[in-house]
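Protein sequences, first through last, are from chains V and Y. According to numbering that gives the first Met the number 0, the first sequence is numbered sequentially starting from 0. According to numbering that gives the first Met the number 0, the second sequence is numbered sequentially starting from 0.
Just so you know, not all the hints are guaranteed correct.
Identical copies look the same in the list; a pair holds intra-copy or inter-copy alike.
Below 25 Å or equal to it, Euclidean Cα-Cα: the simulated DSS-like pairs (lysine-lysine) are [unchecked claim]:
(1) Lys282 <-> Lys42
(2) Lys246 <-> Lys42
(3) Lys282 <-> Lys155
(4) Lys282 <-> Lys34
(5) Lys246 <-> Lys213
(6) Lys246 <-> Lys282
Calculated from the structure, these hints are not laboratory results.
Residues per chain, in single letters:
Number of protein chains: 2
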Amino acid sequence: MDQLIQRALSGEPRSVARLISLVESDSPFVERVMKQLYPHSGKAQIIGITGSPGAGKSTLVDKLIRRFKKDGKQVGIIAVDPSSPFSGGAILGDRLRMQDHALDPDVFIRSMGTRGSLGGVSRATHEAALILDACGKDVILIETVGVGQSEIDIVKIADTVCLVLVPGMGDDVQIMKAGIMEIADVFLVNKADREGADKVVADVRIMLDLSPQKAWRPPVLKTAAEKDTGIDEAAAAIDSHSAFLQKTEEGRMRRYARLEMEVEGILRREIASLVERAWAERKDQGVLEALEERRMDPYSLAGDLLDGVFSARG
Amino acid sequence: MDQLIQRALSGEPRSVARLISLVESDSPFVERVMKQLYPHSGKAQIIGITGSPGAGKSTLVDKLIRRFKKDGKQVGIIAVDPSSPFSGGAILGDRLRMQDHALDPDVFIRSMGTRGSLGGVSRATHEAALILDACGKDVILIETVGVGQSEIDIVKIADTVCLVLVPGMGDDVQIMKAGIMEIADVFLVNKADREGADKVVADVRIMLDLSPQKAWRPPVLKTAAEKDTGIDEAAAAIDSHSAFLQKTEEGRMRRYARLEMEVEGILRREIASLVERAWAERKDQGVLEALEERRMDPYSLAGDLLDGVFSARG
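With these hints in hand, go ahead and build the complete structure from the sequences.
Printed below as a string of structure tokens:
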């Protein structure tokens, strides 16, 4: 294990991939791995890219990878897939891999499912980002799809959140995106060669005018990733948001919030696994029958289980 | 508090509403309330209605309410709103209230946010459904919007899940819906007077043919809620699924799974509040700084905090 960690820290892609797999499968080695990697982390720029399916995020990410590489940066990509909780699936990562980064040693691409786990969806993604950070990636792009709470949680991991919009989406989408709109640091109106792009830009600006004013006003940029238009400007906007975070109180608050989230996530997972074991020991046909027939209530049962866990360890 | 519970159990709407508010705000009284209500629950038929925005779910729910009322049933509605985690918001519930059920004493309508709470999104919704059940509602409709894990979790609360589809949605939607498709017990192709309805019906049937065959084959029905077409058939399909659950092993497994989810949800909430307290006591500028500067790692810190929790309670 220590050898694996050393190889990963030196940037060896297969070892990095194996560490991420440990995290994803909630291996008992996670704590040991993360304790050793943690001191090496905290240097990378973590960028979240989110937006509706069909907004062209994969192409945009592809172009941003090329852009960052030109600056001599090592790039890590985590594609969070909207996989079914039942059948799994990987879409975005595969799409990126097809775009000939697969054999590039400076680009590491990883798909991760949104399959619910006890520690929360964001936990494994966050730990994967920490691993990439510790193992020498300068820029980490986290791409997510969707509008649910879990996507918003994942996006909280990022230093800079880019929301990719696209002309021609219905009003429904605008409503659904409300939660995500508020955490966007950079708005990218992609496929901007399409009709309606200026309208989207104007709508977002109106929304920003109506929102409480903050120290950072998110820029609203037009891109056409397929035509390689606006990519430099997008990268520049991301970089200037990074610079803003580095030197402001707001940036420090954001880093602290992420640290708090880290600690809370670890605590929840630890306690959850203790409780899960207690419940697994107690759970049988008889208990479930008693609950179904209302001879027992789950609140009293939970209290008993917790008492058991504490008296066993205390 | 005991008086409030008694009035709610007798079906008094304002008391029922107050109990749901307690659950929604994660009040310390929740446990006491739920312990008293739980023995009275377990009688209602819980129906989940989900599907994309624009599928006409509110109109469909409106018609189903009327249909169930004709059978002399008391109906409770929980509309889970795709509210922003920041600004809140209520859409579906308001829409239903406008449809003149607001003054009907046999219909109870409640909007609940999807705002992330410590115990998870589904917990408050589930407890609200238990409250309505205990307080005498015969049928409880839970309407959700969206495609995220949280919507899927909410839908797991239901005995019977109806997925509302609509002609003219893109392929993206079909992909996103994969997770939800697999938990649907009844497919309703709404706005079936529109072009393409038969295609949607055929597509769903093909998907069902390709999926593993189960004891219950979900029916695929056409409705046009605005024209009151297909509502009786939809209600009949829901009822026959309820009957199937009542008399089969599959139904019993489903009830057991829900009971397990209940117990686990309560445990998670208890744990979260323990963790929150422990962390709140320790958390200060110094600890966050030490984490940020990598002089401390969150895994070791979490271990310390846990030891503290256990020795305090053990």
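Status of the hints after comparison with the structure:
| no. | hint | result |
| --- | --- | --- |
| 1 | Lys282 <-> Lys42 | between (45 Å within a copy, 23 Å between copies) |
| 2 | Lys246 <-> Lys42 | within (15 Å within a copy, 59 Å between copies) |
| 3 | Lys282 <-> Lys155 | between (36 Å within a copy, 20 Å between copies) |
| 4 | Lys282 <-> Lys34 | between (34 Å within a copy, 20 Å between copies) |
| 5 | Lys246 <-> Lys213 | within (15 Å within a copy, 59 Å between copies) |
| 6 | Lys246 <-> Lys282 | between (53 Å within a copy, 23 Å between copies) |
Every hint from the earlier list agrees with this structure, and none is contradicted.
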